[in-house]
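Q: One-letter residues, chain by chain:
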Amino acid sequence: MGLFDKLKGMGGNTLYYPGCLTKFVGKDLEDNYKKIFNKIGIDFIQLKDLEVCCGSPILNAGYKEEAINLARKNFKVFKEHGVKKIITACPSCYYMFDKIYPSLLKDWDINVEHATQVIARAIKEKKINPKNINFDITYHDPCHLGRYSTVYSQPREIISSFGNLKEMKLNKNYSFCCGGGSGVKTNYPKLAKSASKERIKMAKETNADFLTTSCPMCFYHLKENAGDLKVKELSELLLESLEKNGE
Amino acid sequence: MNLSNEIDLGEKILDSQEKQKNFLSIMYSYKDKRDKLISEEEKVLLKAELKKIKEFSIENIISLKKETLKKLGENGVTIIEVKNEIDAEKELRKIIGNEKLIVKSKSNTANEIKLNEMLKDLDLIETDLGDFLIQLCEQDELHPVLPALHLTPQHIVSVIKNKLGVNIEPDPQKIVEFVRNHLREKIFEAKIGITGANFISADGSIIILENEGNISLVSRIPQKHIIISSFDKIVPTREDALKLVKAASVFGTGQDYPMYVNIISGPSKTADIQNKLITGAQGAKQVFLILLDNGREKILNSQFKELLHCINCGACLNFCPVFHQIFGRYGSKTFLGAKGVLYSFFNESKKDSFHNGAFFCTTCKTCKENCPLDIDLSDLIKKLRIELVKAGIEPKPNKEMIENVRKYGNPFGKIEKGKTPDKMYCC
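Taken in sequence, the protein lines are chains C and H. For the first sequence, this note's numbering gives the first residue as 1, with consecutive numbering after it. For the second sequence, this note's numbering gives the first residue as 1, with consecutive numbering after it.
Wrong hints could be hidden among the right ones.
[To be verified] Some chain C residues near chain H, calculated using beta-carbon distances under 8 Å:
| hint | residue |
| --- | --- |
| 1 | K48 |
| 2 | S92 |
| 3 | C177 |
Everything labelled a hint here was simulated from the structure, so no lab data went into it. All values reported here derive from a predicted model rather than from experimental measurement. By construction, the Cβ of each residue, glycine as well, lies at the ideal position given by its N, Cα and C atoms.
Produce the entire structure from the sequences given, and follow the hints as far as they go.
A: Shown next, in the form of structure tokens:
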């Protein structure tokens with residue numbers, strides 16, 4: 001089915017928006033999520049080079065006008081492609097579309113879900129059936145998914161569907177930041193690194209086999225500073241578990 | 001001061017590693033202690049109630065201040081409003097007169113005007129144990145409620161020996177006993193006592209909380225009690241203030257209630273002899289309230305007004321990923337952390353606020369979560385960045401990232417197929 005035909009379809013299109021970090025750095029993560037969405041049976045489109053940055057790093061960097069411009073550009077492209085719903089696995093993009101775009105664009109009417117919300121629901125509805133991979137897994141709440149968007153339960157439901165969740169001492173609304181966000185990773189790399197080590201220490205204290213998270217930024221930043229602690233993005237673990245079940 | 005837009009925090013981070021060992025576990029423990037006192041649901045309700053009090057207070061601050069001045073004035077308190085530290089010094093010296101010895105308790109507002117430096121020709125003695133030790137050891141304070149956490153008993157006794165010529169065992173109990181006796185002599189000798197205030201109620205009281213008992217002494221034993229504070233401490237009633245007292249304690253350090261809450265409405269008085277009113281009975285004979293502005297009026301009339309909701313409990317620092325790595329390097333001379341950064345935009349300069357860490361914040365909002373007043377420092381920092389960028393003040397990678405977005409629509413710039421960008425400007 002061509003794009004145009006999809007456009008004519010009833011409910012409008014569902015867009016998978018990977019976000020710049022996933023698109024340009026985490027191509028494997030992008031593939032993971034595409035595989036998972038396909039397994040769930042989600043009919044989605046991608047806009048590749050047509051979409052631009054969501055504006056989150058721009059807003060955090062102190063450039064409000066530029067962020068508004070990006071939002072307008074994105075909204076225009078989304079409209080042109082009949083997008084009625086966006087799924088993203090990047091918490092910053094999710095927060096932008098869910099909470100900031102409605103305040104910047106008066107006509108914004110696109111629904112948005114974070115990948116963990118979509119996946120947790122699919123597991124409940126038995127559209128995918130993760131098999132227990134018998135690992136102790138600790139979860140790092142990304143700031144933009146947790147405190148900014150209050151999505152705490154879905155990532156945990158996903159983990160619990162295939163592993164044993166071990167909480168760190170600071171979790172959910174008290175999650176300790178990985179240190180990489182809001183430009184700090186590039187503006188002050190040593191500061192970002194030091195903060196991530198404090199978080200890694202908390203993860204190690206759980207004695208979990210893996211540290212996982214549902215944010216590409218937290219993932220790369222924590223992984224880079226994890227030492228001998230194994231860090232996997234949530235999609236990697238989920239796929240392993242699904243493949244174990246022959247799905 | 002290095003005011004170029006490149007800041008290397010490497011040395012500061014190395015420097016902080018020793019402090020982290022003592023400090024982090026205590027910070028974490030505050031939450032455990034608090035969780036035993038209130039549930040998450042109670043916390044949310046309490047925060048909403050407190051926010052209402054402070055929001056109302058700041059929205060109506062002009063009329064509340066008038067009321068406060070009137071009520072306290074009727075009670076016999078001399079109130080002096082000062083713009084900045086220069087005015088503050090002038091007024092303080094008038095009150096101090098020829099006195100040389102001054103005893104002082106913790107006051108963030110006094111820190112703000114660098115009181116110790118200002119009055120260094122006089123014998124100004126800190127009476128909070130932590131601040132006394134910091135003063136003695138000539139160090140910077142580490143945390144608003146834990147100023148001396150980084151000092152070991154061994155170090156403290158060696159300084160006491162060097163400076164005061166007294167031999168004490170390196171045992172916390174023994175050190176406290178020594179300091180108690182040492183300070184009592186000073187407090188009884190001094191004619192001037194200086195304290196801060198936690199809250200000022202428009203129904204005519206000044207509320208000061210403490211654990212050690214020194215504030216009770218400093219505010220009552222010397223003849224003159226000088227309170228250095230600011231208008232943002234004003235709330236409508238004593239009852240409101242007491243709710244905030246509890247909040248400062250529970251959220252700041254996970255303590256149910258401070259050991260002492262001083263409610264001071266004016267100088268001591270008596271009418272016991274033939275009903276003739278005598279001001280100056282057994283407590284202070286004169287009470288002075290100095291209200292410092294130092295940028296607050298500007299803050300009140302700006303988009304950063306929420307800063308004035310702060311009650312200085314320090315909870316914002318307890319899980320701050322930046323403060324935990326570099327401690328006092330984050331913030332201004334006035335206040336630690338993001339609050340200090342924001343204040344310096346008003347009472348120092350744009351460049352100072354940049355140097356103090358306007359771009360250090362990861363905008364993770366843990367401070368908001370942990371703040372009894374729900375102050376969104378992350379959001380205020382983002383607003384500050386907008387102001388700094390307008391003035392051309394930002395870190396170099398920030399500028400590179402924006403250029404990339406302008407040219408290519410993404411933060412990384414032009415990306416060759418199959419290549420990964422080397423700098424992760426996100427998110």
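Q: Which of the stated hints cannot be reconciled with the structure, identified by number in ascending sequence?
A: Hint 1 is the one this structure does not satisfy, whereas the remaining hints hold.
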